[in-house]
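Q: Chains as they are written, first to last, in this note's numbering: chain A, 1 to 270; chain B, 1001 to 1270; chain C, 2001 to 2310; chain D, 3001 to 3310.
FYI, nobody ran anything at the bench for these hints, they're computed from the structure.
Each hint should be verified, as a subset may be incorrect.
[Claimed, not checked] Straight-line alpha carbon distances no greater than 25 Å define the calculated BS3-like cross-link-like pairs of lysine-lysine that follow: (1) B:Lys1175 x B:Lys1073; (2) B:Lys1073 x C:Lys2207; (3) A:Lys135 x A:Lys175; (4) D:Lys3150 x C:Lys2207; (5) A:Lys73 x A:Lys194; (6) D:Lys3297 x C:Lys2150; (7) C:Lys2183 x B:Lys1145; (8) A:Lys7 x A:Lys107; (9) C:Lys2150 x D:Lys3019; (10) C:Lys2115 x C:Lys2139; (11) B:Lys1175 x B:Lys1145; (12) D:Lys3297 x C:Lys2297; (13) A:Lys145 x D:Lys3115; (14) A:Lys107 x A:Lys145; (15) A:Lys73 x A:Lys135; (16) B:Lys1135 x B:Lys1073; (17) D:Lys3164 x C:Lys2183; (18) B:Lys1073 x B:Lys1107; (19) C:Lys2019 x D:Lys3183; (20) C:Lys2019 x C:Lys2207; (21) D:Lys3207 x D:Lys3164; (22) A:Lys145 x A:Lys194; (23) D:Lys3150 x D:Lys3115; (24) B:Lys1175 x B:Lys1107; (25) D:Lys3164 x D:Lys3019; (26) A:Lys73 x D:Lys3297; (27) D:Lys3164 x C:Lys2207; (28) D:Lys3183 x D:Lys3164; (29) C:Lys2115 x C:Lys2207; (30) A:Lys145 x A:Lys73; (31) C:Lys2150 x C:Lys2164; (32) A:Lys12 x A:Lys174.
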Amino acid sequence: MLLRNAKIIFNKPVSAELYHMGLLCPDIAAKIQPGQFLMVRIQDRLDPLLRRPFAVHRLYPNDPPGSFEMLYKVVGRGTQLLANMQRGDFLNLLGPLGRGFRLPQDKGFVLMVAGGIGIAPLPYLAETLAASGNKGPFVLWFGGKTSTDLVCVQHFNDLGFAVQLVTEDGSEGKKGLVTGHLEQWLTQQDELPKVMYSCGPYLMQRSVAEMAARLGIPSQLSMEALMGCGVGACLSCSLRCHPPKGVQDPHYANVCQDGPVFDGEEIFWD
Amino acid sequence: MLLRNAKIIFNKPVSAELYHMGLLCPDIAAKIQPGQFLMVRIQDRLDPLLRRPFAVHRLYPNDPPGSFEMLYKVVGRGTQLLANMQRGDFLNLLGPLGRGFRLPQDKGFVLMVAGGIGIAPLPYLAETLAASGNKGPFVLWFGGKTSTDLVCVQHFNDLGFAVQLVTEDGSEGKKGLVTGHLEQWLTQQDELPKVMYSCGPYLMQRSVAEMAARLGIPSQLSMEALMGCGVGACLSCSLRCHPPKGVQDPHYANVCQDGPVFDGEEIFWD
Amino acid sequence: MANDSPISLAVELGPLRLKNPVMVASGTFGYGQEYGDLVPLERLGGVVVKGISLEPRSGNPPPRIWETCGGMLNSIGLQNVGLRAFVEEKLPLLRPLQVPVIVNLFGNTVEDYGKLAAALDGHEGIDALEINISCPNVKAGGMAFGSDPKMVFQVVSAVRSETKLPVITKLTPNVTDITVPAKAAEDAGTDILSLINTVAGMAVDAKTRRPRLANVVGGLSGPAIKPIALRMVWQVIQASNLPVIGLGGIISVEDALEFLIVGARAVQVGTANFVNPQVTLEIISGLEDYLLRQGLKDINEIIGTLELTR
Amino acid sequence: MANDSPISLAVELGPLRLKNPVMVASGTFGYGQEYGDLVPLERLGGVVVKGISLEPRSGNPPPRIWETCGGMLNSIGLQNVGLRAFVEEKLPLLRPLQVPVIVNLFGNTVEDYGKLAAALDGHEGIDALEINISCPNVKAGGMAFGSDPKMVFQVVSAVRSETKLPVITKLTPNVTDITVPAKAAEDAGTDILSLINTVAGMAVDAKTRRPRLANVVGGLSGPAIKPIALRMVWQVIQASNLPVIGLGGIISVEDALEFLIVGARAVQVGTANFVNPQVTLEIISGLEDYLLRQGLKDINEIIGTLELTR
Ligand SMILES: Cc1cc2nc3c(=O)[nH]c(=O)nc-3n(C[C@H](O)[C@H](O)[C@H](O)COP(=O)(O)OP(=O)(O)OC[C@H]3O[C@@H](n4cnc5c(N)ncnc54)[C@H](O)[C@@H]3O)c2cc1C
Ligand SMILES: Cc1cc2nc3c(=O)[nH]c(=O)nc-3n(C[C@H](O)[C@H](O)[C@H](O)COP(=O)(O)OP(=O)(O)OC[C@H]3O[C@@H](n4cnc5c(N)ncnc54)[C@H](O)[C@@H]3O)c2cc1C
Ligand SMILES: Cc1cc2nc3c(=O)[nH]c(=O)nc-3n(C[C@H](O)[C@H](O)[C@H](O)COP(=O)(O)O)c2cc1C
Ligand SMILES: Cc1cc2nc3c(=O)[nH]c(=O)nc-3n(C[C@H](O)[C@H](O)[C@H](O)COP(=O)(O)O)c2cc1C
Ligand code: FES
Ligand code: FES
Chain A
1 MLLRNAKIIF NKPVSAELYH MGLLCPDIAA KIQPGQFLMV RIQDRLDPLL
51 RRPFAVHRLY PNDPPGSFEM LYKVVGRGTQ LLANMQRGDF LNLLGPLGRG
101 FRLPQDKGFV LMVAGGIGIA PLPYLAETLA ASGNKGPFVL WFGGKTSTDL
151 VCVQHFNDLG FAVQLVTEDG SEGKKGLVTG HLEQWLTQQD ELPKVMYSCG
201 PYLMQRSVAE MAARLGIPSQ LSMEALMGCG VGACLSCSLR CHPPKGVQDP
251 HYANVCQDGP VFDGEEIFWD
Chain B
1001 MLLRNAKIIF NKPVSAELYH MGLLCPDIAA KIQPGQFLMV RIQDRLDPLL
1051 RRPFAVHRLY PNDPPGSFEM LYKVVGRGTQ LLANMQRGDF LNLLGPLGRG
1101 FRLPQDKGFV LMVAGGIGIA PLPYLAETLA ASGNKGPFVL WFGGKTSTDL
1151 VCVQHFNDLG FAVQLVTEDG SEGKKGLVTG HLEQWLTQQD ELPKVMYSCG
1201 PYLMQRSVAE MAARLGIPSQ LSMEALMGCG VGACLSCSLR CHPPKGVQDP
1251 HYANVCQDGP VFDGEEIFWD
Chain C
2001 MANDSPISLA VELGPLRLKN PVMVASGTFG YGQEYGDLVP LERLGGVVVK
2051 GISLEPRSGN PPPRIWETCG GMLNSIGLQN VGLRAFVEEK LPLLRPLQVP
2101 VIVNLFGNTV EDYGKLAAAL DGHEGIDALE INISCPNVKA GGMAFGSDPK
2151 MVFQVVSAVR SETKLPVITK LTPNVTDITV PAKAAEDAGT DILSLINTVA
2201 GMAVDAKTRR PRLANVVGGL SGPAIKPIAL RMVWQVIQAS NLPVIGLGGI
2251 ISVEDALEFL IVGARAVQVG TANFVNPQVT LEIISGLEDY LLRQGLKDIN
2301 EIIGTLELTR
Chain D
3001 MANDSPISLA VELGPLRLKN PVMVASGTFG YGQEYGDLVP LERLGGVVVK
3051 GISLEPRSGN PPPRIWETCG GMLNSIGLQN VGLRAFVEEK LPLLRPLQVP
3101 VIVNLFGNTV EDYGKLAAAL DGHEGIDALE INISCPNVKA GGMAFGSDPK
3151 MVFQVVSAVR SETKLPVITK LTPNVTDITV PAKAAEDAGT DILSLINTVA
3201 GMAVDAKTRR PRLANVVGGL SGPAIKPIAL RMVWQVIQAS NLPVIGLGGI
3251 ISVEDALEFL IVGARAVQVG TANFVNPQVT LEIISGLEDY LLRQGLKDIN
3301 EIIGTLELTR
């Protein structure tokens, strides 16, 4: 765990609400794994007070060396301030934090599912996967409210992914919810994926986990929670899980430490 | 009283601690009198919370029309944030506020006394005075801790002022406190000023008021106080004054409304 | 807001009818004139004037104010022009306006409160009295009236028996259980409760090692105290049947909504006026926008609608 | 800070000796390991661990936290691993370190507190116990122990009689007069007082009209509450002879100094750790710088030096 000031190397909108931010921070870039996250202090003052959690979207080993990119959505005060920051400004980062995605033990078919800003941690996972010698097939199912939510599709294509798009308003790809179309599609496949990775809203994650369980596929879900510390010190970021043996029920895991990536069957869905 | 967003047209250091900021705000520029002030909201967030009071340093009727300048000293959080602002940013201004300087009824000798950042409201007063048809003589006594405190002297020269400089460390002008040298100098003059204007630290103001009283000269002093509202609504900005007839003692005037400019004899010095 | 707006912000607050639930809080808006034409008073739900005592008061020596994180401390010391000057000089300026005028009052003794209420009762242009019980009781050695339920009962009874005007009792948050003084005020016949007054606080200048306020201790107000205020309003709503005015830290329409949703029938805005003098106008139009967005037509549809099941 | 530094930050806190007055507060620093090598624990004046109960506790359902202006609300619900796991798994990691370890404890009943104290008394590596009396008393219908001076006396007595370790009693600010529970704790034999715990607060999501916390009410902490904490510490300092640990909203060396100047002999830092994990280290070196600038050599030269004359 490191505490570092990172220099902003770019900060540009990709849609009305979504921004890409490039950060230079070789120490953190050298350590962070796909699915791990950073607690970002957006500025020096006390409003907003707490750090905000963000995933690493892409890692740039060479461009410049030690840099990476975040993809963020402007949803409130903190992210609005982020959007106002300029190239050359500094952000204070705490990380890498948490337990990230684990690569599948067997090579072969990998399925990713993203809902909205849930796409954020997946490109870095996809890059790592593609570099691991796995030849796929790789498939991304990506759902959003509308077409402008569906960013960085080209990058997935470049990494050898077949990308299936779904929008709630039908403005791009299939119309509806990603999980509905996905289930149907999955039942038509000859082969099942070795693993399903997923990131998105709670109800989507729940569907993915249940689908994976029904099909007997392991699922890894990157979960969200409101966070105080990001390191396991405050017990704010609870996610109800099935209690391990000998542990009292209800059992609350810390998303920041036990996650953010959980196996589907760990989670107690309510 | 107006509430306006003003655009920053420049913001540049004149020394390590002092900055000039140009603001474009024709409505306020058209109304504000020398010695009046503005309550500045430094940013949108809630830290810092309260507005900060600042005088108008110079008025620029034409350059661009409706613009003016503040001179400010970085002393704390709010002024540090001001120093970080950029050309093109906006500040929210409330003003013009308070009772400013009144021009002398008789033309002739006018004396100004400034201590440190107390110079801030005087150039605009000097400009107004020079434009009023008064031919002087005009004298400014200006004291600071060290030479870098003594800014905008040239401007006073241009307006026809004789400027006397004093620094505590002797790095420029006479060495010592401005009030000591001033008193000695005044006793050597053939003619006494028609009025003494003053702005600076409390103890300097007190000396000036007492000197003026001894010599029978009216004095007008721009005073400071911690302020909540700036408009007379909160009663935070008290300055102890001699009670008018029928008013209880102690009597506290509101610097924001009854001042910031007070006649020397109004103030109860403690 | 057009007069033919299909949205209604009008609320009933016990015997009071307000055109909207947004008032300015005592001590933060002077006697109503100080903000000039920036805030047309007729637009407000009500104006609560600076606390008035029988005799004029000088208040505390300066410094009287200090900014803290998200708030401010004040120790004005209840400086005011006194009853007579208020009635003669300040009230006439408010009387012609189409806005409910609420007079905040305080005394050094129980009797003072009664006398003030009696003196104000006869005057036209006053719509309600708000009793400030946060001030020190000189007879009880300076302990605040509001922290002792027996005293609360006595003060409110004294006011109640001397006036036919609606009586609002303004509670201090510096107590273990806010429902206790609330009940005492209710038993003594108050029509309405308002809460919270400031939270006692302190700050020190580490450089000089002196208190930031000449009075050492002052009252904390502003956004920093909002969670405390909201919690107390909610507690009182559950414990009492009286209408409640919520205040403490409100600076946005969301803040005002939080108080209405937990059950306050109106709100007051204090410190936020200093930050943004037009904040009350923005909150009022923000309430209309909120109702529109939620597909509602009447502010009463959201009052007390806190959803507790998950 | 070199060992041969001419500046001394060491303080005595009743029976405790600390190398500097800066500790981390319970519940904000886990069991000491969570911040890894970012904060070498040996540099701290002390480590107060997350509150421990006899049995493990699940805590409250999420959401458990909400950011407010200058602060945060939490309703963790005292989730903890329980006495046994603490002693077997957490304590062994702290024992070898050169830092005073203070165990924060709480119970549902007076007896629980006594049992916990007895159980912890024997264990090496514990330097003091800190009693959390802000938690709800199940026998008294959920009212906090700390708001009733009789309960405070009973709880502290129960702990006192079962341990030879120094006993710290941590006071809740949700009371009318903080000196009353302080006195009760003193009478019951506490060695040290610490204050304040969180201030009860609430927040609502105006969009969904639901409370931000599943538990509805939570504890407010962070810079927003500092003025309240400082005022209460000062009140207790004047009313009691016991050494006091000040906390509540400390996030800078100036904040820590304010508490020391009013008379606290040590401070704890809570919420600020989340904002800046190294804040305690910065405060410690900031205290040295302050002493240097003021031409002083020993932190004790500033403790309790509040200048009240003007
Ligand atoms: C492990 C993890 C990784 C994340 N990665 C990304 C990412 O790569 N890109 C991205 O756009 N978003 C990501 N999020 C969500 C992101 O943290 C929130 O959108 C952000 O904190 C909102 O801050 P705000 O001040 O704009 O919102 P506000 O609503 O003003 O924030 C108020 C409070 O709620 C918290 N909060 C609000 N929404 C969320 C949320 N969805 N999750 C957690 N806390 C929240 C804030 O941190 C803050 O404490 C991630 C969340 C987690 C838990
Ligand atoms: C009528 C008037 C006109 C002024 N004009 C100027 C000017 O033209 N140029 C200039 O540099 N300064 C001026 N000042 C002083 C200026 O307001 C303060 O320096 C400024 O508020 C400091 O803010 P800060 O956040 O940097 O300091 P901090 O110390 O962080 O502020 C903390 C609080 O104290 C208040 N405060 C601190 N110092 C002063 C002070 N000297 N006077 C009033 N409030 C203070 C702040 O407003 C804030 O509420 C004027 C003050 C008054 C009353
Ligand atoms: C400068 C100032 C003066 C105040 N004077 C009074 C007063 O005279 N009477 C009163 O009942 N409350 C007084 N208050 C308390 C406010 O009316 C209000 O209860 C409190 O500030 C909390 O609301 P806020 O956070 O919106 O300011 C005063 C508050 C401030 C900041
Ligand atoms: C997330 C969180 C958990 C806490 N848990 C405990 C606890 O277990 N026992 C306790 O006595 N205090 C607990 N506290 C209170 C803190 O120790 C401290 O008293 C309070 O937060 C005020 O200090 P601060 O403003 O520096 O955070 C907790 C506070 C927070 C924010
Ligand atoms: S955020 Fe503090 S434990 Fe997870
Ligand atoms: S600052 Fe409010 S009355 Fe002067």
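Q: Take the hints in turn and mark each one as holding or not.
A: Now for the hints, and whether the structure bears them out:
1. For the suggested pair Lys1175 of chain B and Lys1073 of chain B, the alpha carbons sit about 23 Å apart, so the restraint of at most 25 Å is met.
2. The suggested pairing of Lys1073 of chain B with Lys2207 of chain C holds, with an alpha-carbon distance near 19 Å, which does not exceed 25 Å.
3. Between Lys135 of chain A and Lys175 of chain A the alpha-carbon distance is near 30 Å, which puts this suggested pair outside the 25 Å criterion.
4. This hinted pair does not check out: Lys3150 of chain D and Lys2207 of chain C have alpha carbons roughly 40 Å apart, beyond 25 Å.
5. A distance of roughly 31 Å separates the Cα atoms of Lys73 of chain A and Lys194 of chain A; the hinted pair therefore is violated under the 25 Å criterion.
6. Between Lys3297 of chain D and Lys2150 of chain C, the direct Cα distance comes to roughly 52 Å. Violation of the 25 Å bound is thereby established for this hinted pair.
7. Taking the CA atoms of Lys2183 of chain C and Lys1145 of chain B, the gap is near 60 Å; set against the 25 Å cutoff, the hint is violated.
8. Of the pairs offered as hints, the one joining Lys7 of chain A and Lys107 of chain A is violated, with about 37 Å between alpha carbons and a cut-off of 25 Å exceeded.
9. With a CA separation close to 49 Å, the supplied pair Lys2150 of chain C and Lys3019 of chain D exceeds the 25 Å bound.
10. This hinted pair checks out: Lys2115 of chain C and Lys2139 of chain C have alpha carbons roughly 16 Å apart, not beyond 25 Å.
11. A threshold of 25 Å between alpha carbons decides the hint, and for Lys1175 of chain B with Lys1145 of chain B the separation of about 10 Å falls inside it, so the pair holds.
12. This hinted pair does not check out: Lys3297 of chain D and Lys2297 of chain C have alpha carbons roughly 68 Å apart, beyond 25 Å.
13. A distance of roughly 56 Å separates the Cα atoms of Lys145 of chain A and Lys3115 of chain D; the hinted pair therefore is violated under the 25 Å criterion.
14. Restraint check: the Cα-Cα separation between Lys107 of chain A and Lys145 of chain A comes to about 33 Å, which exceeds 25 Å; the hinted pair is violated.
15. Restraint check: the Cα-Cα separation between Lys73 of chain A and Lys135 of chain A comes to about 32 Å, which exceeds 25 Å; the hinted pair is violated.
16. A hinted pair counts as satisfied when its Cα atoms are at most 25 Å apart, and Lys1135 of chain B with Lys1073 of chain B does not qualify at roughly 32 Å.
17. About 45 Å separates the Cα atoms of Lys3164 of chain D and Lys2183 of chain C, which puts this hinted pair outside 25 Å; it is violated.
18. A threshold of 25 Å between alpha carbons decides the hint, and for Lys1073 of chain B with Lys1107 of chain B the separation of about 33 Å lies outside it, so the pair is violated.
19. For the given pair, Lys2019 of chain C sits about 50 Å from Lys3183 of chain D by alpha-carbon distance, which is inconsistent with the 25 Å threshold.
20. Between Lys2019 of chain C and Lys2207 of chain C the CA atoms are separated by roughly 50 Å; this puts the pair beyond 25 Å, and the hint is violated.
21. Between Lys3207 of chain D and Lys3164 of chain D the CA atoms are separated by roughly 53 Å; this puts the pair beyond 25 Å, and the hint is violated.
22. About 28 Å separates the Cα atoms of Lys145 of chain A and Lys194 of chain A, which puts this hinted pair outside 25 Å; it is violated.
23. Between Lys3150 of chain D and Lys3115 of chain D the alpha-carbon distance is near 19 Å, which keeps this suggested pair within the 25 Å criterion.
24. Taking the CA atoms of Lys1175 of chain B and Lys1107 of chain B, the gap is near 32 Å; set against the 25 Å cutoff, the hint is violated.
25. Restraint check for Lys3164 of chain D and Lys3019 of chain D: the C-alpha separation of about 22 Å stays at or below 25 Å, so the hint holds.
26. Using a Cα cut-off of 25 Å, the hinted pair Lys73 of chain A and Lys3297 of chain D is violated, with the two alpha carbons roughly 51 Å apart.
27. Between the alpha carbons of Lys3164 of chain D and Lys2207 of chain C the distance comes to roughly 40 Å, so the proposed pair goes past 25 Å and is violated.
28. For a cut-off of 25 Å, the pair hint linking Lys3183 of chain D to Lys3164 of chain D stands: about 21 Å separates their Cα positions.
29. Our distance criterion of 25 Å between C-alpha atoms is broken by Lys2115 of chain C and Lys2207 of chain C, whose separation comes to about 46 Å.
30. For a cut-off of 25 Å, the pair hint linking Lys145 of chain A to Lys73 of chain A stands: about 13 Å separates their Cα positions.
31. At roughly 23 Å between alpha-carbon atoms, Lys2150 of chain C and Lys2164 of chain C fall within 25 Å of each other, so this suggested pair holds.
32. Pair hint Lys12 of chain A plus Lys174 of chain A does not hold up; C-alpha atoms about 28 Å apart against a cutoff of 25 Å.
Of the numbered hints given earlier, the model fails hints 3, 4, 5, 6, 7, 8, 9, 12, 13, 14, 15, 16, 17, 18, 19, 20, 21, 22, 24, 26, 27, 29, 32; all others are met.
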